[in-house]
Amino acid sequence: MIVAERKPIEEIKDYLSGHKRVLVLGCGTCVTVCLAGGEREVATLASVLRLAGELEVQENTIERQCDIEFFDTVKEQAESCDAILSMACGVGVQTVVKVFPQKCVYPALNTMFCGSNDGAGQWSENCLACGDCKLGIFGGVCPVTRCSKSLLNGPCGGSVNGMCEVDPENIECGWQLIYDRLRTLGKLDVLAENAQPRDWSRTHDGGPRRLSREDVAGL
Amino acid sequence: MVDGNYKSGSNLEKVLETGRFAVTAELGPPKSADPDVIKRKVEYLLGWVDAANITDNQTAIVRVSSIATSKLVLDLGLEPIIQITCRDRNRLSMQSDILGAYLLGVRNVLCLTGDHQSFGNHPTAKSVFDLDSIQLIQMVRDMRDKKIFANGEEIKNSKKAEVKEPRMFVGGAANPFADPLEFRVVRLDKKVNAGVDFIQTQCIYDMERFEVWMEQVRSRGLHKKCKILAGVTPLKSVGMAKYMRDQVAGVTVPEYYIERMAKAEDPKAEGIEICVEQIQRLREIEGVVGIHIMAIEWEQVVPEIVQRTGLRSG
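Respectively, the protein sequence lines represent chains A and B.
The first sequence: position 3 = 3 (my numbering), numbered continuously.
The second sequence: position 252 = 252 (my numbering), numbered continuously.
Just so you know, the hints here were simulated from the structure itself, not pulled from any lab data.
Everything numeric in this text was worked out from a predicted model, so none of it was measured.
Hints are not guaranteed to be accurate.
Taking lysine-lysine and the PhoX-like style, the derived pairs with C-alpha atoms no more than 20 Å apart in a straight line are [as the list claims (entries may be wrong)]:
#1 B:K126 with A:K149
#2 A:K134 with B:K126
#3 A:K20 with A:K103
#4 B:K190 with B:K14
#5 B:K160 with B:K7
#6 A:K134 with A:K187
Take the sequences, apply the hints, and build the full model.
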């Protein structure tokens, strides 16, 4: 899922200063699951903003903010406000802008990464959306995301006791994980081969990416 | 040491400060470890230009490094302007290169964003773009005037050591032909605020649009805050004219030049003729204090162009 966290309340208040009526809009997908921008977080943030007493605050949550077809139920409410505070990820915020091109739209969250839930209140990054997945080679552990240097021929000299020198307390060495995993699978010979430079044009380095699929275009 | 009140003491800075119409040209390093190409190009330009821009992997094609080429160029008696793009290096590398280039005797730097790697010969490469050109200008300027690195630390080797800062004459580019037109001059203003000393423009074919842009420049007083050199590129053939028009983003070539090139019996001579005419017209524009000739892989025509405009006699 896309993992996000709420911005500091002062930053949010700064965005809204000068506005009279705001719609706090939640999203029912990733940010609901990671407890950052779902119905419950919308209610909490709306109460905080109401308590400040300078704004009339509307609230609502739609199933998905990254798809324009989910916005019908909030159109009227949004039109009645002079600002929309989106509690979705950055994709959702930009879709809100597309749906309401005349409105001021602000983000309430910082979008962090594509990651997994590692237990209560814990999430970690494990996919960079690089567009050229090599998990099949590296034992199901991504070197591009989980190595701080994105090395394809790791680990570097900063790997000690399974941890990364960038933050030995908190960051596991991705390459230790790859090594352990391939050892378990009896595939360590894979690591003896020199991995060649990646094709970064498939990532953002080739410019903003698009996907067109003719097979589903008519559905 | 910098003499007088000059910022860098470079020849280019001195020429511009004395009010003489400046002439710079582009020198593209070779795509191989061949020093003779550099020597030949220096011979073409020597005596005809005040300084030569040494391009930095232009159009994202690997070439001899700008700084290494600059050292050879300096040793042959020509003043270099190193170009630095944001595509290939982060702020650590750029600052280290500024220090190194300064030690080798380089005094001018042109700060550029850089062409995207997808246009070059390594389209699968990862790009850096840690800083953009405006931030790069600010960084090089702060290294000189505030004597600090981008992190705010003083430029000295140890706590007790003397501050020894690289003193560069800081340049930037401006493209009056990209969109949106009304924003181009705002972006130039940002470069001025970042501390740019001189500007070299994208090659100009559409004189009317350039004059509109210069009017906007003057109305903001930007021509008094930085030295503006107008860029020109002589056309070699009608094919090149069409290529520049259709394939190079941010370059416009009016139809009358395409027609002139198509009708010409000797297209190269016609291209030089057009270039000379353009320079004579650009010289008359208030706020243009120099010319920058980008003769792409055609440096040998620079002397003829400069001589015919009467700007230098070689």
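Taking the hints in turn, this is what the structure says about them:
1. B:K126 with A:K149: Cα-Cα ~13 Å, so holds.
2. A:K134 with B:K126: With Cα atoms ~17 Å apart, A:K134 and B:K126 stay inside 20 Å; holds.
3. A:K20 with A:K103: holds (13 Å)
4. B:K190 with B:K14: The hint is violated at about 24 Å.
5. B:K160 with B:K7: violated (25 Å)
6. A:K134 with A:K187: Holds: A:K134 and A:K187 sit about 15 Å apart, inside 20 Å.
Comparing the model with each numbered hint stated earlier shows that hints 4, 5 do not hold.
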